[in-house]
Each structure stands twice: as structure tokens, then as C-alpha cells.
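*Asks:* If you want the building blocks of each chain, they are given just below.
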Amino acid sequence: DQQVKQNSPSLSVQEGRISILNCDYTNSMFDYFLWYKKYPAEGPTFLISISSIKDKNEDGRFTVFLNKSAKHLSLHIVPSQPGDSAVYFCAASAPYGNKLVFGAGTILRVKS
Amino acid sequence: DAGVIQSPRHEVTEMGQEVTLRCKPISGHDYLFWYRQTMMRGLELLIYFNNNVPIDDSGMPEDRFSAKMPNASFSTLKIQPSEPRDSAVYFCASSLGTVDSEAFFGQGTRLTVV
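Quick mapping for you: the protein sequence lines, in order, are chains A and B. Going by this note's numbering, the first sequence opens with residue 1, and the numbers climb by one from there. Going by this note's numbering, the second sequence opens with residue 1, and the numbers climb by one from there.
Just chain A, with the same shape it has in the complex:
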């Protein structure tokens, strides 16, 4: 049973527009959420995170929104750039566990 779900396998966006990547989770114990970006032939790299005490965290062009009641988070990229084309993984962890549970990933293609 997948506790972290990314239901969109891929997303295609025009350069300059907004990219919105979605993630749902089932475990109400999760209290920390992260997004990772992965380029081909490289390991995932940390992008942005959010604690469950917040509902929004912003870092430059990247913003993560958390809706605890819906058990849903989203990553917004504005404006999208061709270099943002990658696989984006959503991950979550529960208190004291330090164990990151990942979703299956969403392939983002930003067209120029």
C-alpha cells in the first residue's frame, strides 16, 4: 500500500508558465514533507520542504503548499524554465523515524 501517491506520471508545461505537481498521502502521522528533483543518471537532490505546522513554504521560484485536512501537498514552480525538466519526487516522514517514504515521481517537461 503506497502511503505517498503522485497520481500524475508526467506533466508538460510551456516555459514561463506555472508548473503544479501534486502529491497525496494516507498516513496521518507524517509531519514533514519534502520534494526532490532528479535528473537522468543522477541521484535525487533536495529541493524544498515543509513542516506540518505550516501550510506554505517558499524558496525563490518554488513554493510548496500543504493541506493537512485533505492530506495533500503541491509544488508550484513559477515561472517554469527548461532546466526544471526532471523527475520530481514527493516524500514524507513521521516523527522520530527519519524514514523518508517516497512517491512514484512525476516527470516534468518544460517546453521552450
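No wet-lab data here; the hints were simulated from the structure. Fair warning: this is a prediction, and the values are worked out from it, not measured in the lab. Errors might be hidden in some of the hints.
[Claimed, not checked] Per label pair, the in silico range of CB-to-CB distance:
(1) B/D56 with A/K68: 21 to 29 Å
(2) B/G97 with A/K111: 35 to 43 Å
(3) A/L11 with B/N51: 35 to 43 Å
(4) A/S28 with B/D56: 14 to 22 Å
(5) A/E42 with B/G97: 38 to 46 Å
(6) A/S28 with B/R110: 22 to 30 Å
(7) A/S112 with B/P61: 18 to 26 Å
(8) A/H76 with B/R64: 12 to 20 Å
(9) B/E18 with A/I53: 42 to 50 Å
(10) A/I53 with B/G97: 31 to 39 Å
(11) B/G16 with A/Q14: 45 to 53 Å
(12) B/R85 with A/A94: 27 to 35 Å
(13) A/L11 with B/S87: 25 to 33 Å
(14) B/G16 with A/P9: 30 to 38 Å
[Said to hold, decoys possible] Covered stretches of chain A, as calculated for chain B (at least 3 residues, CB under 8 Å):
(15) 13-23
(16) 40-46
We treat Cβ as the ideally placed atom computed from N, Cα and C, and that holds for glycine.
We have chain A already, so just place chain B on it with the hints.
*Replies:* Here is chain B on its own, set in the frame of chain A:
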């Protein structure tokens, strides 16, 4: 620090052979994770260690898989005997283990079992 180092980058082996993947975590990190990436299931956590002690191996698919961490700077993931369905990219990651710390990943080992 050079980051998390994995070897080999690529491994091609015949079914039934033993395969050993290696990982050197970032110095000072006390958590080490082994993940497997497949198209269908994304990044699956196989096992993780805290201070060299295995904490959760519930993700290890079968007894054919084993992992060790003999010291703070080295870990291995072994598959014996290997099967074609084990073909995937295997990632090692390490973290500081504090609340809200992110994991740093190696570049992965692409395993192909023929």
C-alpha cells in the same frame, strides 16, 4: 565533502550470480538508507541504518537481499542469487538524523541482471 559515493555506477551480471553494491555516506551522517528505483514503484526504501545498526528492513524484498554497515563510513547491499527482476537503479542516501533533515543521495548503481 564529496557527497555520498556509490560503486559501481553500472553492473551487469548473469542470473544466479552474487552482486554487491557499495556505499560511502557523508562523513558525520548517522543515518544511511538504501533505496531501489523502478518505473512502476518509484523510490522504494529497502533498509535503513542508524549509527551502523539496521533499524527497519521491512522493505527488503526477499531473503536474497542483505545489507551490512560494518562502520560509519561504509555499507553494502548484497543480492544472492540475483534475478532479472532485480534489475533497477539502487540508491544509497545519508542524513544527519535531526528533525527536519533531508537525505543526500548518491548517483546510484544501475543493475542489470540478464
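*Asks:* Please go over all the hints and tell whether each is borne out by the structure.
*Replies:* We went through each hint and held it up to the structure:
Range check, B/D56 to A/K68: Cβ separation about 25 Å, and the 21 to 29 Å hint holds. About 40 Å separates the C-beta atoms of B/G97 and A/K111, a value consistent with the hinted range of 35 to 43 Å. The beta-carbon spacing between A/L11 and B/N51, approximately 40 Å, falls within the hinted interval of 35 to 43 Å. Under the hint 14 to 22 Å, the C-beta atoms of A/S28 and B/D56, about 19 Å apart, fit the expected range.
Checking the proposed 38 to 46 Å range against A/E42 and B/G97 shows it is violated: the Cβ atoms sit about 24 Å from each other. Separated by about 36 Å at the C-beta atoms, A/S28 and B/R110 break the suggested range of 22 to 30 Å. With their beta carbons about 41 Å apart, A/S112 and B/P61 fall outside the hinted range of 18 to 26 Å. With their beta carbons about 42 Å apart, A/H76 and B/R64 fall outside the hinted range of 12 to 20 Å.
Range check, B/E18 to A/I53: about 47 Å between beta-carbon atoms, so the 42 to 50 Å window is met. For the pair A/I53 and B/G97, the supplied restraint of 31 to 39 Å is violated, since their beta-carbon distance comes to about 20 Å. Checking the proposed 45 to 53 Å range against B/G16 and A/Q14 shows it holds: the Cβ atoms sit about 49 Å from each other. Separation of B/R85 from A/A94 is about 30 Å and conforms to the stated range, judged on CB atoms against 27 to 35 Å.
Checked against the hint of 25 to 33 Å, the pair A/L11 and B/S87 passes, with Cβ atoms roughly 27 Å apart. Take B/G16 and A/P9: their Cβ atoms lie about 33 Å apart, and the range 30 to 38 Å holds. Using a Cβ-Cβ cut-off of 8 Å, 0 residues of the region 13-23 of chain A lie near chain B, which falls short of the minimum of three, so the contact claim is violated. For the region 40-46 of chain A, the stated coverage by chain B is satisfied: 6 residues place a CB nearer than 8 Å to a CB of that chain, which reaches the threshold of 3.
The structure fails to meet hints 5, 6, 7, 8, 10 and 15 from the earlier list, while all remaining hints are met.
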